[in-house]
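Asks: Chains as they are written, first to last, in this note's numbering: chain A, 7 to 262; chain B, 45 to 341.
Among the hints, a few may not be true.
No farther apart than 25 Å at their CA atoms in a straight line, the calculated lysine to any residue pairs in the SDA-like style are these [said to hold, decoys possible]:
| id | chain 1 | residue 1 | chain 2 | residue 2 |
| --- | --- | --- | --- | --- |
| 1 | A | K149 | B | R335 |
| 2 | A | K250 | A | E238 |
| 3 | A | K131 | B | R248 |
| 4 | A | K118 | B | H331 |
A few chain A residues that don't get close to chain B, going by computed Cβ distances all over 12 Å [to be verified]:
| id | residue |
| --- | --- |
| 5 | L76 |
| 6 | E88 |
| 7 | Q106 |
| 8 | L110 |
| 9 | K118 |
| 10 | E122 |
| 11 | K149 |
Note that these hints are calculated values from the structure, not bench results. Note that beta-carbon positions come from the ideal geometry of N, C-alpha and C, so glycine has one too.
Spelled out from the first residue to the last, the chains are:
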Amino acid sequence: MTNNEPMVWAEGVMKSFGSLQVLKGIDLVVDRGQVVCLIGPSGSGKSTFLRCINNLETIDGGWLSVDGELVGYNREGDCLIELREKEAAARRAHIGMVFQHFNLFAHKTALKNVMEGPVAVRRMKKDAARDLAMDLLDRVGLKDKADVFPNRLSGGQQQRVAIARALAMEPKLILFDEPTSALDPELVGEVLQVMRDLAKGGMTMVVVTHEMAFAREVADTVVFMDGGVVVEQGSPKEVLSAPKMARTQDFLQSVG
Amino acid sequence: MTTVNKEAPRHPSPGAGKRSERESLKIVRRTSYGRLAADTALALFVFGLIWMSATNPNFQWDVVFKYLTSAIILKGLWTTIELTVISMVLGTIIGVFLALMMLSEDRWLRSFVAAYKWLFRGTPLLVQLIFWFNISALYPEIDVGLPGGETLFTLSGNAITPFMAALLGLALHESAYMAEIIRGGILAVGQGQSEAATAIGMRRLQVYWRITLPQALRVIVPATGNQVILMLKTTSLVSVIALPELLYSAQTIYARTFEVIPLLIVASIWYLTICSLLSVGQYFLEHKLGRGFRSTN
Ligand SMILES: Nc1ncnc2c1ncn2[C@@H]1O[C@H](COP(=O)(O)OP(=O)(O)OP(=O)(O)O)[C@@H](O)[C@H]1O
Ligand SMILES: [Mg+2]
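Please model the entire structure based on the sequences and the hints provided.
Replies: What follows is the structure, given as structure tokens:
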């Protein structure tokens, strides 16, 4: 299923909560194998946009597609028809998501957390799913924690399990929403290392982050959002070292 | 402490050479004489009570033991258990639907549940039981069919047996409380859990079934356990509609023999026995469900 459309293609994406318009026309293209870092002040709509990409929020206007498929809608002539719940779920299955607060399933061990997607959604056999999950836990360095419940894991370990859980769906794209913001400083490194390895392996990633050093090192594109629009985007050098827009300069100054 | 012993003390103090002697000093705790006195008084009191009830001829322990396992009492006990189990199961099933309706975005569904709870929690259960028992007088026949359309089938009022009236009353009343418990359990599961499940591509029902509900049970089960124990005792209200459950069976005997106290003791012994068994079961169930949530597991 290779096509030459970009992995994520957003044009004029809009989203409101009641009378509050949060996204006011987002334009963004993410190519295959690219790492895009989203930065911007609090409340600028970064999380909302990320959640729109895998249809946790439905968009109110504009165009948004992932891997050539519209998100949340089917096109019929001039109309966009809202997807059936089943189709929406099927499309989400190919998009991984990693949350700020990990959101590991609290009633399942690390291993069962990773197995959940393959078993419940991909309908894999238990044994095959267990092997896959073990491999993935090994990859994030947590093979020995397989039978531990999340409440006995450190934040960094939980986040690595969460990444393994996303990988278990063999996603074509992974979305990260401030994956290290809830971590103690000494645990940030281990999670960033896993993400760095993923990027090297060619995974397409959209990362909302405040880790400027990470963005500088790993990102192909850095996107600065403010007030529900993309203010500036370009290579890390362009955006982080020589920002053109005053708002970007102000923001970078404020985060140091 | 043994490993510390091998190292030199970091803060040598006078007499440092005599460590072992200082370590082996004996600790003497003080006795609380007030507590001792209270315990003694309590022991005397409890002993007195047991002595009195054991020797008081009015308790008629021989009568108690005679009826404890009599056929009529055991049959009543079985009816009590049946009533408890069936009305709890029905009440829980209806409660699940009510809870989902309460959590729905549809205003009408929510209003319906509000009215339902208002009705069934706002009137005494005893009144509801008598009402259902007399429903045959109110509606001798119930036609079940489409509004304004043909009758599909007819329930004759006599078809509502006392047992069904009792079940109906207990289950509907219970469902109003179970709905609240189930809703609370579901709300206690963080939104991040269902979001993460949705994000890996689970469908809404799967999310409920595999992620939300198992975690909600941790809150729901203990509360439901209490409801079961409460229900066991509440079934005794059904004696007013002459349904021979445990209490009514005891009553029929003492109406004849006038051995009121011993027969009430017989009933109480059975209620206590079942309650104790239920409590043990509840303990083990809670323990199993608590995995992943306690600080030690
Ligand atoms: N479900 C919702 N209902 C109503 N308002 C919402 C909802 N989700 C987000 N918002 C609002 O949308 C705005 C953008 O929120 P969003 O979480 O996307 O910002 P953000 O850029 O991720 O900020 P942060 O850096 O603090 O995470 C905020 O004003 C927020 O209050
Ligand atoms: Mg955010």
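Asks: Run every hint past the structure and note whether it holds.
Replies: These are the hints, each one checked on the structure:
Of the pairs offered as hints, the one joining K149 (chain A) and R335 (chain B) holds, with about 20 Å between alpha carbons and a cut-off of 25 Å not exceeded. The hinted pair formed by K250 (chain A) and E238 (chain A) meets the criterion: a straight-line CA distance of about 8 Å does not exceed 25 Å. Distance restraint check for K131 (chain A) and R248 (chain B): the Cα-Cα separation of roughly 22 Å lies within the 25 Å cut-off, and the hinted pair is therefore satisfied. The suggested pairing of K118 (chain A) with H331 (chain B) holds, with an alpha-carbon distance near 20 Å, which does not exceed 25 Å.
Distance check for L76 (chain A) against chain B: the nearest CB is about 17 Å away, which clears 12 Å, and the non-interface claim stands. Distance to chain B confirms E88 (chain A) as a non-interface residue, since its nearest Cβ pair spans about 15 Å, more than 12 Å. At the 12 Å boundary, the C-beta of Q106 (chain A) falls inside the reach of chain B, the nearest C-beta of that chain being 9 Å off. The beta carbon of L110 (chain A) sits about 7 Å from the closest Cβ of chain B, which is not more than 12 Å, so the claim that it is off the interface is violated.
Remark: the non-interface label on K118 (chain A) conflicts with the geometry, its nearest Cβ contact in chain B lying 10 Å away (cut-off 12 Å). With a cut of 12 Å on Cβ distances, E122 (chain A) falls inside the contact zone with chain B, its closest approach being about 7 Å. Even its closest Cβ contact with chain B, about 20 Å, leaves K149 (chain A) beyond 12 Å, as expected for a residue assigned away from the interface.
Violated hints, in rising order: 7, 8, 9, 10; the structure is consistent with all others.
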